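Heads up: the protein sequence lines correspond to chains A and B, in order.
Throughout the first sequence, residue numbering follows the working numbering, covering 1 to 275 in sequence.
Throughout the second sequence, residue numbering follows the working numbering, covering 276 to 577 in sequence.
For the record, the hints were derived by calculation from the structure and aren't laboratory data.
Values in this document were obtained by computation on a predicted structure and should not be read as measured data.
Heads up, some of the hints might be wrong.
Simulated DEER-style distance windows between Cβ atoms [what the hints assert, rightly or not]:
hint, chain 1, residue 1, chain 2, residue 2, range
1, A, Q269, B, I399, 20 to 30 Å
2, A, Y23, B, K570, 27 to 37 Å
3, A, D160, B, I433, 58 to 68 Å
4, B, F347, A, D160, 52 to 62 Å
5, B, S389, A, F72, 29 to 39 Å
6, B, I433, A, K12, 55 to 65 Å
7, A, L180, B, G330, 55 to 65 Å
Listed next, the in silico BS3-like pairs over lysine-lysine satisfying Cα-Cα at most 27 Å (straight line) [to be verified]:
hint, chain 1, residue 1, chain 2, residue 2
8, A, K62, A, K38
9, A, K161, B, K468
10, A, K161, B, K570
11, A, K262, B, K468
12, A, K12, B, K570
13, B, K570, A, K98
14, A, K12, B, K490
Quick reminder that beta carbons are idealized off the backbone N, C-alpha and C, glycines included.
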Amino acid sequence: MSERSGTSPLLKTMLVLGFVFLYAPILSLIVYSFNESKLVTVWAGFSLKWYGELFRDEGIMKAAWVSIRIAFFTATASVVLATIASMVMTRMRSFRGKTLFGGLITAPLVMPEVITGLSILLLFVSIGMDRGMTTIWIAHVTFCMAFVTVVVSSRLSELDKSIEEAAMDLGANRVKVFFLITLPIIMPALVSGWLLAFTLSIDDLVVASFVSGPSSTTLPMKVFSSVRLGLSPKINALATLMILAVSIAGLVAWWLMAREEKRRQLDMQMALQQG
Amino acid sequence: MSKLLRRWMPGPRWLVIAPPYLWMLLFFAIPFAIALKISFSHSLIAMPPYSDLVGWTGKDLTVTLNISNYLFLLTDSLYYSAYLSSLKIAVISTFLCLLIGYPMAYAIARMPVSTRNVALMLVILPSWTSFLIRIYAWVGILKNNGLLNNFLMWLGVIDQPLQILHTNVAVYIGIVYAYLPFMVLPLYTNLVKLDGRLLEAAYDLGARPWKVFLKITLPLSRSGIIAGSMLVMIPVVGEFVIPALLGGPDTLMIGKVLWDEFFNNRDWPVASAVATVMLILLLAPIMIFHHYESKELESKLT
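Chain A extracted, bound-state conformation (with noise of 0.2 Å):
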């Protein structure tokens, strides 16, 4: 590459702007979730007793256990049924439905929340469905396939065809095929594409508060009213743990994707020297 398609320092600076822009907000946070004061702009110096203050508060304990659980099992069961739809985006030849089936993945992606949580609300409600955990997993599961469809079938449209066909023409079906070549393949993106829908779901507002029941306050649904209510530093040290737990899944997900990176060209430049 050319110098001159290197990053100028203008560029260079706009870009630490727009990190110091993403990160400043959330550094604040950090920093004042350790902080004596109740005021949660004066520093009064440190202290860890809000953590304390947030172990002891039942509601938002209670709250993050029904988040944690609905967040498992949208994220698992968003996996399968993103993956089996990425299988038929990218892998089948067209079928009766398709740019029907191609616009109900996507449009979840861009549809407004209240919109999305308005209308499954008012299914439930003409089923005569119970509004509870369940119907905050059917609301999640609905939108977060379509975050991990993405993730799943750009990761399958990547994928070398050659290695499936190669194991077909071997004489494996296709079922045999999917579970012993493909899922392998992807399973880094799936794992990703996991965590995605986790933190998706763990994180909703807005639909959950559609489509909750009395005994189902999730947790965003917690913090909501009382920053509603004024700043409270025991929110901020919720927030410090939610950042430290989702640094975690991030280096975690970013160091399986380097790791699967590494194989990839290492396995590539195997076969250059076979070949």
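Start from chain A and add chain B according to the hints.
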């Protein structure tokens, strides 16, 4: 006979297609039809709080379509101005995201491969942490005795705190902050594929950097710009959390109007009508987005 049967019976591949297809039909497509239906009903104080469209009196089957909800949306200027102001806020913040996101995406795409992935990760990582909590962080920064005002007063730029929180300025900051990664990612995917040789050729022929950008880079990144803009603009039109936490009494956004209509006024038919009209307004942008998404996927497949 068996040939005929095979043609009409769903084949084994429908066993594969059916689970995700039926799920999306049942929980994504049909709910819109139900919302459309309920937008034509009367509001009732009952559970469910709306009337039935289809009546059966023993011998008469009646279908009543009540368009008063839509007439209400037309006559009450609140809705009309909320739609307009949501669209305005969405368009302006999409443009701001593009203005900030394009240089970022370009800079990342021109980086060496090793640092590129780290930079990309740094763009994505914030959007993995709670959206709600990131918006909440801005409350602490923007309020009257918040970090930004304290910092500016310490610098001596201002001697009275600026009222930023609970204004539209705060809403714009929040939206650009929350949606910036959705702009950077599609732009990056597009710009990273840009053939460097085209730029080199232009430079070798003596073009100025700005001219190269306007004549080559910008036109070639059109599909990335459209995908990113749609990914930001469409959800922002219906945004609720940001106007609810950062906006003030002057902030009028249709997502918040729908929320209040549903949760505070408990008028489900009017809320459904608001949603239906919003969906109709967004139909064209959603179709453009779908078109570019599927083109993107096809270009990868071929």
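* Indicate whether the distance between the beta carbons of B:F347 and A:D160 respects the range 52 to 62 Å. => 58 Å Cβ-Cβ, so the 52 to 62 Å window holds.
- Taking 55 to 65 Å as the hint, is the beta-carbon distance of B:I433 and A:K12 inside that range? Distance hint for B:I433, A:K12 is violated at roughly 30 Å.
message: Run the distance test for B:K570 versus A:K98: straight-line Cα separation, threshold 27 Å.
response: 15 Å, holds
Given the hint that A:K12 pairs with B:K490, does the C-alpha gap stay at or below 27 Å? 22 Å, holds
* Pair hint outcome, A:K12 versus B:K570 [Cα-Cα no greater than 27 Å] -> 31 Å, violated
Range hint 55 to 65 Å (beta carbons of A:L180 and B:G330) holds or violated
58 Å, holds
Q) How does the Cβ-Cβ distance of A:Q269 and B:I399 compare with 20 to 30 Å: does it lie in that range? A) 29 Å, holds
With a cut-off of 27 Å on the C-alpha distance, tell me whether A:K161 and B:K468 pass.
22 Å, holds
Margin query: Holds or violated: the 29 to 39 Å window for the beta-carbon distance between B:S389 and A:F72?
Written below: 34 Å, holds
Given the proposed pairing of A:K161 with B:K570, does the C-alpha separation stay at or below 27 Å? 20 Å, holds
Assess, step by step, whether the Cα of A:K262 is no farther than 27 Å from the Cα of B:K468, and give holds or violated.
-> Cα-Cα ~20 Å, so holds.
Inset, instruction - Given the range 58 to 68 Å, decide if the beta-carbon distance of A:D160 to B:I433 lies inside it. - result: Taking Cβ atoms as reference, A:D160 and B:I433 lie about 60 Å apart, which means the hint holds.
The structure fails hints 6 and 12 (numbered hints given earlier, in ascending order).
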